[in-house]
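S.K.: The residues making up each chain are set out below.
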Amino acid sequence: MPMTPARAGRHALPPFWLPVLAGLPLGVCLLVMAMPILGHGNATLARTLYLSAFVLWVLPLTALQRWLWRRGMAVWRIALVLLLTTYAMALATRLLSVALQAAASGSLARLFAPGTLDVGLLFRGLEGAWLVLVAYCAVHAVVTYYAELRHEQARHLEARALARDAELRALRYQLQPHFLFNTLNAVSALVAEERGPEARQMLARLGDFLRAVLDARAGHEVTLAEEIAMTEAYLEVEKARLGRRLLLSWHVGDGVLGAHVPGLLLQPLVENAIRHGIAPRSAPGRLDIRIARDGTQLDIRIDNDLPAPGEAPPQSEDARTAVGLDNVRGRLARLYPDRAGLQAGIDAGRYRVRLTLPLRTAPEPAT
Amino acid sequence: MIRVCVVDDEPLARRGVLSLLAAFDDLQVVGEYEDGTTALAGLQAQPPDLVFMDVQMPGMTGLDVLAALSPQQRPLAILLTAHDSFAVRAFALNAVDYLLKPVDDARFAEALARARQLLRLRDLDTARTPPTATPARHLEKFSVRIGHRTLFIRAASVAWIGADGDYAVLHVGERTYIVRESLHQLAAQLDPARFVRVHRSSIVRLDQVAELQPLTNRDAVLRLHDGTPVRVSRTYIDALLSALHAGG
Chain A
248 MPMTPARAGR HALPPFWLPV LAGLPLGVCL LVMAMPILGH GNATLARTLY LSAFVLWVLP
308 LTALQRWLWR RGMAVWRIAL VLLLTTYAMA LATRLLSVAL QAAASGSLAR LFAPGTLDVG
368 LLFRGLEGAW LVLVAYCAVH AVVTYYAELR HEQARHLEAR ALARDAELRA LRYQLQPHFL
428 FNTLNAVSAL VAEERGPEAR QMLARLGDFL RAVLDARAGH EVTLAEEIAM TEAYLEVEKA
488 RLGRRLLLSW HVGDGVLGAH VPGLLLQPLV ENAIRHGIAP RSAPGRLDIR IARDGTQLDI
548 RIDNDLPAPG EAPPQSEDAR TAVGLDNVRG RLARLYPDRA GLQAGIDAGR YRVRLTLPLR
608 TAPEPAT
Chain B
21 MIRVCVVDDE PLARRGVLSL LAAFDDLQVV GEYEDGTTAL AGLQAQPPDL VFMDVQMPGM
81 TGLDVLAALS PQQRPLAILL TAHDSFAVRA FALNAVDYLL KPVDDARFAE ALARARQLLR
141 LRDLDTARTP PTATPARHLE KFSVRIGHRT LFIRAASVAW IGADGDYAVL HVGERTYIVR
201 ESLHQLAAQL DPARFVRVHR SSIVRLDQVA ELQPLTNRDA VLRLHDGTPV RVSRTYIDAL
261 LSALHAGG
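Sequence order for the protein chains is A and B. Mapped onto the numbering used here, the consecutive letters of the first sequence carry residue numbers 248 to 614. Mapped onto the numbering used here, the consecutive letters of the second sequence carry residue numbers 21 to 268.
It is possible that some hints are incorrect.
Unchecked claim - Think about it this way: if two alpha-carbon atoms lie no more than 25 angstroms apart in a straight line, the pair counts; the simulated SDA-like pairs of lysine to any residue are:
{"hint": "1", "chain 1": "B", "residue 1": "K121", "chain 2": "A", "residue 2": "T309"}
{"hint": "2", "chain 1": "B", "residue 1": "K121", "chain 2": "A", "residue 2": "E445"}
{"hint": "3", "chain 1": "B", "residue 1": "K121", "chain 2": "A", "residue 2": "A439"}
{"hint": "4", "chain 1": "B", "residue 1": "K121", "chain 2": "A", "residue 2": "P444"}
{"hint": "5", "chain 1": "B", "residue 1": "K121", "chain 2": "A", "residue 2": "T603"}
{"hint": "6", "chain 1": "B", "residue 1": "K121", "chain 2": "A", "residue 2": "S435"}
{"hint": "7", "chain 1": "B", "residue 1": "K121", "chain 2": "A", "residue 2": "R458"}
{"hint": "8", "chain 1": "B", "residue 1": "K121", "chain 2": "A", "residue 2": "A436"}
{"hint": "9", "chain 1": "B", "residue 1": "K121", "chain 2": "A", "residue 2": "A310"}
{"hint": "10", "chain 1": "B", "residue 1": "K161", "chain 2": "B", "residue 2": "H103"}
{"hint": "11", "chain 1": "B", "residue 1": "K121", "chain 2": "B", "residue 2": "H245"}
{"hint": "12", "chain 1": "B", "residue 1": "K121", "chain 2": "A", "residue 2": "L494"}
{"hint": "13", "chain 1": "B", "residue 1": "K161", "chain 2": "B", "residue 2": "Y197"}
{"hint": "14", "chain 1": "B", "residue 1": "K121", "chain 2": "A", "residue 2": "V460"}
{"hint": "15", "chain 1": "B", "residue 1": "K121", "chain 2": "A", "residue 2": "L457"}
{"hint": "16", "chain 1": "B", "residue 1": "K121", "chain 2": "B", "residue 2": "R134"}
{"hint": "17", "chain 1": "B", "residue 1": "K121", "chain 2": "A", "residue 2": "R488"}
{"hint": "18", "chain 1": "B", "residue 1": "K121", "chain 2": "A", "residue 2": "G490"}
Unchecked claim - Anything over 12 angstroms on all C-beta distances counts as not near chain A; from chain B, calculated:
{"hint": "19", "residue": "I22"}
{"hint": "20", "residue": "T58"}
{"hint": "21", "residue": "S163"}
What the hints assert, rightly or not - Computed from the model, here is a short list of chain B residues facing chain A with C-beta under 8 angstroms:
{"hint": "22", "residue": "D117"}
{"hint": "23", "residue": "L120"}
{"hint": "24", "residue": "S221"}
{"hint": "25", "residue": "T236"}
{"hint": "26", "residue": "R243"}
{"hint": "27", "residue": "T248"}
None of these hints come from the bench; they were simulated from the model. None of the values given here were measured: they were computed from a predicted structure. Even glycine gets a Cβ: it sits at the ideal position worked out from N, Cα and C.
All chains should be modelled from the sequences, with the hints used to inform the complete structure.
M.R.: Below, the structure is given as structure tokens:
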């Protein structure tokens, strides 16, 4: 009986065969208990009957218990119903057993003669059959409870993963718009000045960048090569805007291109460097990006020249830099708790960002 | 004269292609279609040499149109698309190249050059035009003007060449020099056994390649010995790989 997702919403029932399987040892117990008396008169017949009856009763009993559980009935009510039902089943078994024994000794007709039914005999020996059925119900309850617990845990984990997903996505989309609008504004300016070819070139670069961002949407982690390609697509737009005012140098060390990094990790930092470092300058400014392996860590450094004191951007711009850095810091903390770091500050006249994160070349299983 | 058709469901997109085509005087636009069905009928009635075909159109897509034509009727095609995910099928359908929207002018000229070359080869088969003379020697040095001086840079010292607008930027060690020629022009003059075009905006010297990392979108990133990462677009990747293997 496969579990359908809709039904699993409130109560996750284990597969039908599972409690039946778990109850089988009880049947074995019945056999073991019968060992010493086997071969004594009618005992063999009686025990065989008990065992077959147990196996037969288990199926409707399982169905009943599942039905009660699924209806969400209170536990004490389920217990009461099951005690009564199992008692009735045991009684029926006992009745059948007594009848069979009587038939074996040729006194079946006498048994049903008025006044001869030994009620005491009927109820004696009943508890054996009953207790086994009750024990079975207990096993079933434990199995069901465990399945529900597992289901609950899985749901909890899934919810956490989803929350993380949503959070990361939100953080990422927060990065996009201002760059997009700035670029559109630049294109608009080019069109107004009738610099058609340059406007077209910029639009083509912007198209490339947006495609790169959309391609990266599949997972939170991409290879460093993907992130470099995306950052380059972004830089091409900036190069079109800034021309020779941007002096760019990359240095990528050996064996890190395949390392896994969070998508859109580098790009916002490089964007910061350009917006707040290079773009406000009137003289050409250098942007150096160095990525290397440092033992088990990936070491990323982004250094840029700063605007001269008179060219410094207004205060509100600094606040926005902080937002960008906090964003990256937040994502690193979520993805690699205690194993990643981000430092940023002015040193020897340049703005320096240093980023370290675990160097991994295979995707980590989601935790 | 190369006979060209343009198929796109958006009038502005068609006009964009037509305006780019207007710059070439060996091209003649013989048809313009706004959906797959009329394009199919038109291409069958009046087969052109080359078609600019939009892929995503309502109803019949550009690829459907090409597939519906018989191999004899099927013209060379340059596909236009916003976001591609069909390249394998496209190249079985006589597609010479594909252009991503918004269309980049340099890429447009290059796709056209590819088509021209293929059409010329086809003409050679029928022996209508004499073989074009191939340059006997490859470019060995670049001349770079700085103010009134002219510097000569040996090709062998250039690690890679980037693009800066319509100019090329030579990367020699830590220094860069600007050459007043487009990357496309340079690519044709350099020795193909040593220099390979890998992207719209870069040519690399093969012996400078230290590492190649493929990307999920079928592009790749190269790392040169000096640590520079260079993007490789999927259009050039096969040529790069065969050049790298031939050199090794």
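S.K.: Take the hints in turn and mark each one as holding or not.
M.R.: Outcome of the hint check:
Taking the CA atoms of K121(B) and T309(A), the gap is about 63 angstroms. The hint is violated against a cut of 25 angstroms. Distance check on the hinted pair: K121(B) and E445(A) sit about 16 angstroms apart at the alpha-carbon level, within 25 angstroms; holds. Using a Cα cut-off of 25 angstroms, the hinted pair K121(B) and A439(A) holds, with the two alpha carbons roughly 22 angstroms apart. Proximity of K121(B) to P444(A) is assessed by CA-CA distance (about 15 angstroms); at most 25 angstroms being required, the pair is judged to hold.
As the CA atoms of K121(B) and T603(A) are separated by approximately 37 angstroms, the hinted pair breaks the 25 angstroms bound. A C-alpha spacing of about 18 angstroms is found between K121(B) and S435(A), which places the hinted pair at or below 25 angstroms, so the restraint holds. In summary, the hint linking K121(B) to R458(A) is supported, as the alpha carbons are separated by about 10 angstroms, within the 25 angstroms threshold. Between K121(B) and A436(A) the alpha-carbon distance is near 21 angstroms, which keeps this suggested pair within the 25 angstroms criterion.
Our distance criterion of 25 angstroms between C-alpha atoms is broken by K121(B) and A310(A), whose separation comes to about 62 angstroms. Distance restraint check for K161(B) and H103(B): the Cα-Cα separation of roughly 39 angstroms exceeds the 25 angstroms cut-off, and the hinted pair is therefore not satisfied. The hinted pair formed by K121(B) and H245(B) fails the criterion: a straight-line CA distance of about 34 angstroms is larger than 25 angstroms. The hinted pair formed by K121(B) and L494(A) fails the criterion: a straight-line CA distance of about 29 angstroms is larger than 25 angstroms.
At roughly 13 angstroms between alpha-carbon atoms, K161(B) and Y197(B) fall within 25 angstroms of each other, so this suggested pair holds. The suggested pairing of K121(B) with V460(A) holds, with an alpha-carbon distance near 15 angstroms, which does not exceed 25 angstroms. A distance of roughly 11 angstroms separates the Cα atoms of K121(B) and L457(A); the hinted pair therefore holds under the 25 angstroms criterion. Using a Cα cut-off of 25 angstroms, the hinted pair K121(B) and R134(B) holds, with the two alpha carbons roughly 19 angstroms apart.
The hinted pair formed by K121(B) and R488(A) meets the criterion: a straight-line CA distance of about 20 angstroms does not exceed 25 angstroms. Using a Cα cut-off of 25 angstroms, the hinted pair K121(B) and G490(A) holds, with the two alpha carbons roughly 23 angstroms apart. Once the 12 angstroms rule is applied to beta carbons, I22(B) is consistent with being away from chain A; the minimum gap is 23 angstroms. Taking the minimum C-beta to C-beta distance to chain A, about 28 angstroms, the non-interface status of T58(B) holds against the 12 angstroms cut.
Separation of S163(B) from chain A is adequate, the least Cβ-Cβ distance of about 20 angstroms exceeding the 12 angstroms criterion. A least Cβ separation of about 15 angstroms between D117(B) and chain A goes past the 8 angstroms threshold, and the interface hint is therefore violated. Hint status for L120(B): holds, given a least beta-carbon distance of 6 angstroms to chain A, under 8 angstroms. For S221(B), the interface hint holds, since its Cβ comes within 8 angstroms of a Cβ in chain A; the closest pair sits about 7 angstroms apart.
For T236(B), the interface hint holds, the least distance from its beta-carbon to any beta-carbon of chain A being 7 angstroms, beneath 8 angstroms. Hint on R243(B) holds. Least Cβ distance to chain A is approximately 5 angstroms, under the 8 angstroms limit. A distance limit of 8 angstroms between C-beta atoms decides the matter here; for T248(B) the minimum to chain A is near 5 angstroms, and the interface restraint holds.
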